[in-house]
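2 protein chains.
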Amino acid sequence: MDSQQFREAAKAAIDDIAKYYDNISDHRVVADVEPGYLRPLLPASAPLEGESWDSIQADIQSKILPGITHWQAPGFMAFFPCSSSYPAAIAEMYSNTFNGAHFNWICSPAVTELETIVMDWLAQALGLPECFLSGGPTHGGGVLHGSASEAILTVMVAARDKYINEATAHLPEGEEKEEEMWRLRSKLVALGSEGTHSSTKKAAQVLGVRFATVPISEKEGFTMTGEALATKLDELKAKGLEPFYLTATLGTTDVCAVDDFEGISRTLAPRVGKPGEIWVHVDAAYAGAALLLDENKPLAKPIANFHSFNLNPHKWMLTTFDCSAVWVRQRGHLINALSIKPHYLRNQYSDNELVTDYRDWQIPLGRRFRSLKLWFVLRAYGIRGLQAHIQSGITLGESLEAKLVTRPDLFIIFTKAHFGLVTFRVSGDSEEKINSRSQKLYDAINASGQFYLTSTVVKDHFAIRVCTGVATVREETIQKLFDLLVETTEGQLKLE
Amino acid sequence: MDSQQFREAAKAAIDDIAKYYDNISDHRVVADVEPGYLRPLLPASAPLEGESWDSIQADIQSKILPGITHWQAPGFMAFFPCSSSYPAAIAEMYSNTFNGAHFNWICSPAVTELETIVMDWLAQALGLPECFLSGGPTHGGGVLHGSASEAILTVMVAARDKYINEATAHLPEGEEKEEEMWRLRSKLVALGSEGTHSSTKKAAQVLGVRFATVPISEKEGFTMTGEALATKLDELKAKGLEPFYLTATLGTTDVCAVDDFEGISRTLAPRVGKPGEIWVHVDAAYAGAALLLDENKPLAKPIANFHSFNLNPHKWMLTTFDCSAVWVRQRGHLINALSIKPHYLRNQYSDNELVTDYRDWQIPLGRRFRSLKLWFVLRAYGIRGLQAHIQSGITLGESLEAKLVTRPDLFIIFTKAHFGLVTFRVSGDSEEKINSRSQKLYDAINASGQFYLTSTVVKDHFAIRVCTGVATVREETIQKLFDLLVETTEGQLKLE
Chain A
103 MDSQQFREAA KAAIDDIAKY YDNISDHRVV ADVEPGYLRP LLPASAPLEG ESWDSIQADI
163 QSKILPGITH WQAPGFMAFF PCSSSYPAAI AEMYSNTFNG AHFNWICSPA VTELETIVMD
223 WLAQALGLPE CFLSGGPTHG GGVLHGSASE AILTVMVAAR DKYINEATAH LPEGEEKEEE
283 MWRLRSKLVA LGSEGTHSST KKAAQVLGVR FATVPISEKE GFTMTGEALA TKLDELKAKG
343 LEPFYLTATL GTTDVCAVDD FEGISRTLAP RVGKPGEIWV HVDAAYAGAA LLLDENKPLA
403 KPIANFHSFN LNPHKWMLTT FDCSAVWVRQ RGHLINALSI KPHYLRNQYS DNELVTDYRD
463 WQIPLGRRFR SLKLWFVLRA YGIRGLQAHI QSGITLGESL EAKLVTRPDL FIIFTKAHFG
523 LVTFRVSGDS EEKINSRSQK LYDAINASGQ FYLTSTVVKD HFAIRVCTGV ATVREETIQK
583 LFDLLVETTE GQLKLE
Chain B
103 MDSQQFREAA KAAIDDIAKY YDNISDHRVV ADVEPGYLRP LLPASAPLEG ESWDSIQADI
163 QSKILPGITH WQAPGFMAFF PCSSSYPAAI AEMYSNTFNG AHFNWICSPA VTELETIVMD
223 WLAQALGLPE CFLSGGPTHG GGVLHGSASE AILTVMVAAR DKYINEATAH LPEGEEKEEE
283 MWRLRSKLVA LGSEGTHSST KKAAQVLGVR FATVPISEKE GFTMTGEALA TKLDELKAKG
343 LEPFYLTATL GTTDVCAVDD FEGISRTLAP RVGKPGEIWV HVDAAYAGAA LLLDENKPLA
403 KPIANFHSFN LNPHKWMLTT FDCSAVWVRQ RGHLINALSI KPHYLRNQYS DNELVTDYRD
463 WQIPLGRRFR SLKLWFVLRA YGIRGLQAHI QSGITLGESL EAKLVTRPDL FIIFTKAHFG
523 LVTFRVSGDS EEKINSRSQK LYDAINASGQ FYLTSTVVKD HFAIRVCTGV ATVREETIQK
583 LFDLLVETTE GQLKLE
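So the sequence lines, in the order shown, correspond to chains A and B.
Heads up, the first sequence is in the numbering used here, so the first residue is 103 and it goes up one at a time.
Heads up, the second sequence is in the numbering used here, so the first residue is 103 and it goes up one at a time.
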């Protein structure tokens, strides 16, 4: 394909893409194909000779599209949103043009420098404490990873090495110290609450350290409290274990609960700055975007007591997947844990410490030019435009809740609308009935193909989650969903 | 930005992009900016109101482009290539359109199924042993990761868990077994050779296990031999350590050496299928693409004795970054080590084991639709087109070597052209002089801005690396580089 053919093919693709978004509501939300649908449609091996562009492009419509679940469709209210936007799409085109592995500053200075600047912009816009800015007092800063899982694994590695180094700092170098380091490693425990996303447990599994959960309760709104944390820490210490890391969550996956940051801070305060300090990471992958609204800014303040924070702009901030923003209070801990300097990666700029080499802030060596899309989104929407988008998701969640409460004969709110997530159950006179009716409604709605919802089970309560953060959701979508919920539930109850 | 504005802006971007590639040779290869160049050019914070598209797009030219190092330019002969192509660029546009986190099959069946199929296509095209096919006898298969670093970390986790589980399988569940597992963990050693890419050492650092290197020698062409491995293993065992993992390399970063797969197999054979078996991963991140050529197919045969293999199509296979293809012989080891099933990720297809959920084959949860670009590239070029591309990189490396040997007064070949990489040094009557002259030449060439080369230091020999795999390199580029090398070296020698 030469550049003229590229112009034509790519412009045809642009029309295709615009059409796809213009008609996004026409699709069944979840792909309606059977496992294994694609293999019979494709040859058994790659072609020997190149194929015509037309035949390749045509297969997008005929073979790929039927197998796509439409995350941008208004009926997509499952999981959390994974939103794109036109400015992000164009940014991706440029970022792929300036294709490279970009691991060092010199491999494309713009890639590194724009990232530092945009991460500072975003930290300010969210009202994150100054310690997370690249020029802040504690030498912190932000970096873009691919996913929250990667972010959490990365800070957990830094936390582990910090913990072990500090706990053995008093020992002279030598065998005894070495032994103590290995002994400590075998006792480490990473913590989350029962509501913490599975990525923390997975990170612990990857690193081969223990994982323990702090209990949460319905009474406390499923948030992790300082008291519950204190009890769990005592328990672990009594067993001779070494808790070194905690994920606190701003917007849990199940119900969008916010852990009690102040309480957690108080519990951990006696250890701060001493050996045995526990690294606290705040996972705000989805709901962190709500800090853009002034009313939520107070939530960011206590994060100054913690060590790191992540929010995924690819979730609720209109930035194409993947884009996970991570900030640390002291970048030195990341660099100490992750830096490796073989000769072929050395250069004068890095050697003289004039520049940031983000490869030392992450697990992979190579890096995509991810900041470009975040920059485009921040500029094309402006902070006000992004605030309007976030506010819309919140308002629509509240609207659904308001509708659901008008029918207490059919529905029970499980957790109130918060950050665009409402969870509810079908009414019933026993827990068992509520669970089975809710499961049945959930299955029926998803089978309809008009909406895609997910469910959760918290403390044996089965609840339906509805997330209203996808950018194409409108009040009429909410009304349509509510009508379908009512109609389906009434139908089910009649058959009982 | 509405869809009409998107059509216009995106099509203007397409023209921009095509122009960039048409004129790729006009740029200074390495960005000529000072550290910190960008911050004074941008506002201190994100705009409150959205900005016009024109002003955003204009900044690409005026502020970003000067900070770009042009990895697609013919003068880019540093590191290994990171190549893009028009078909891959269009695929990325579609893949961003079908934006989503795609962690489960149902989150977009096409994303999972195309990946399985395309990984089978590619395995066949490379001549990988049958055990790496998804339908092969050992239940293996391929998955796309972002980078070789991620691939290596992931298989190292699987290797660790396999090793520990097998070594403790004879013990009844309980405290004693638990203790033995922790004891083993503290003794684990991951291995590479002195030529193994730093990502293996970094993975060991991330997992908190020891890393040991097998020595290599100039006499053996810097390859890891079975004998050297045997000696190192004996040494580690004598210290009571537990070697559990080895990276063998097909095309080392320094000099593109290929480790002695047959010899390594022989050394490890007595442990195969027993507790204490060492997981061997083959890192073919760059040179693996050369297996597309029939003459290199025999190299793939002994890989049947190993456990996993990776090649990065984003390096030498015209597929936009990031795209790292990983195959394992037994997918169960990945899934056992990495699977986590919270309620919100469960669904009937996964629960009934009807489908592949690639999230259990990797560290992140979310996944990009990466297989689309690999599919487009395989189809648009065909195997023959890709073979021609690889052959060209190889031939051009040989061409440079042939030129260099015509001037033994100026140059010494350090390692012969292999897979498009040739390394050389400046002649001199002492090792010290050779090193200093080579370093001087290297600095001068990079300062010229016409070419970007990297260097390496192997066994205290400083050598200049020239990698000829970038798709835009032509015979005339090689001639131009050679002329510049001659002219610069002659000039330097005159001044001595």
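Because the hints were derived from the structure by calculation, they are not lab data.
In this text, a Cβ means the ideal position worked out from N, Cα and C, and glycines have one as well.
Careful: at least some of the hints might be erroneous.
[Claimed, not checked] Computed list of lysine-lysine pairs in DSS-like fashion (alpha-carbon distance at most 27 Å, straight line):
1) B/Lys582 / A/Lys443
2) B/Lys279 / A/Lys443
3) A/Lys303 / A/Lys542
4) B/Lys321 / A/Lys341
5) B/Lys321 / A/Lys289
[Claimed, not checked] Here are the simulated distance ranges between beta carbons:
6) B/Gly138 / A/Gln226: 42 to 52 Å
7) A/Val559 / B/Arg285: 50 to 60 Å
8) A/Gly378 / B/Lys279: 47 to 57 Å
9) A/Glu598 / B/Ala271: 46 to 56 Å
10) B/Lys165 / A/Asp156: 51 to 61 Å
11) A/Met283 / B/Lys535: 37 to 47 Å
12) A/Glu397 / B/His241: 16 to 26 Å
Against the structure, the hints come out as follows:
no. : hint                            : in the structure
1   : B/Lys582 / A/Lys443             : violated (32 Å)
2   : B/Lys279 / A/Lys443             : violated (38 Å)
3   : A/Lys303 / A/Lys542             : violated (30 Å)
4   : B/Lys321 / A/Lys341             : violated (55 Å)
5   : B/Lys321 / A/Lys289             : violated (45 Å)
6   : B/Gly138 / A/Gln226: 42 to 52 Å : violated (19 Å)
7   : A/Val559 / B/Arg285: 50 to 60 Å : violated (37 Å)
8   : A/Gly378 / B/Lys279: 47 to 57 Å : violated (29 Å)
9   : A/Glu598 / B/Ala271: 46 to 56 Å : holds (50 Å)
10  : B/Lys165 / A/Asp156: 51 to 61 Å : violated (38 Å)
11  : A/Met283 / B/Lys535: 37 to 47 Å : holds (44 Å)
12  : A/Glu397 / B/His241: 16 to 26 Å : violated (53 Å)
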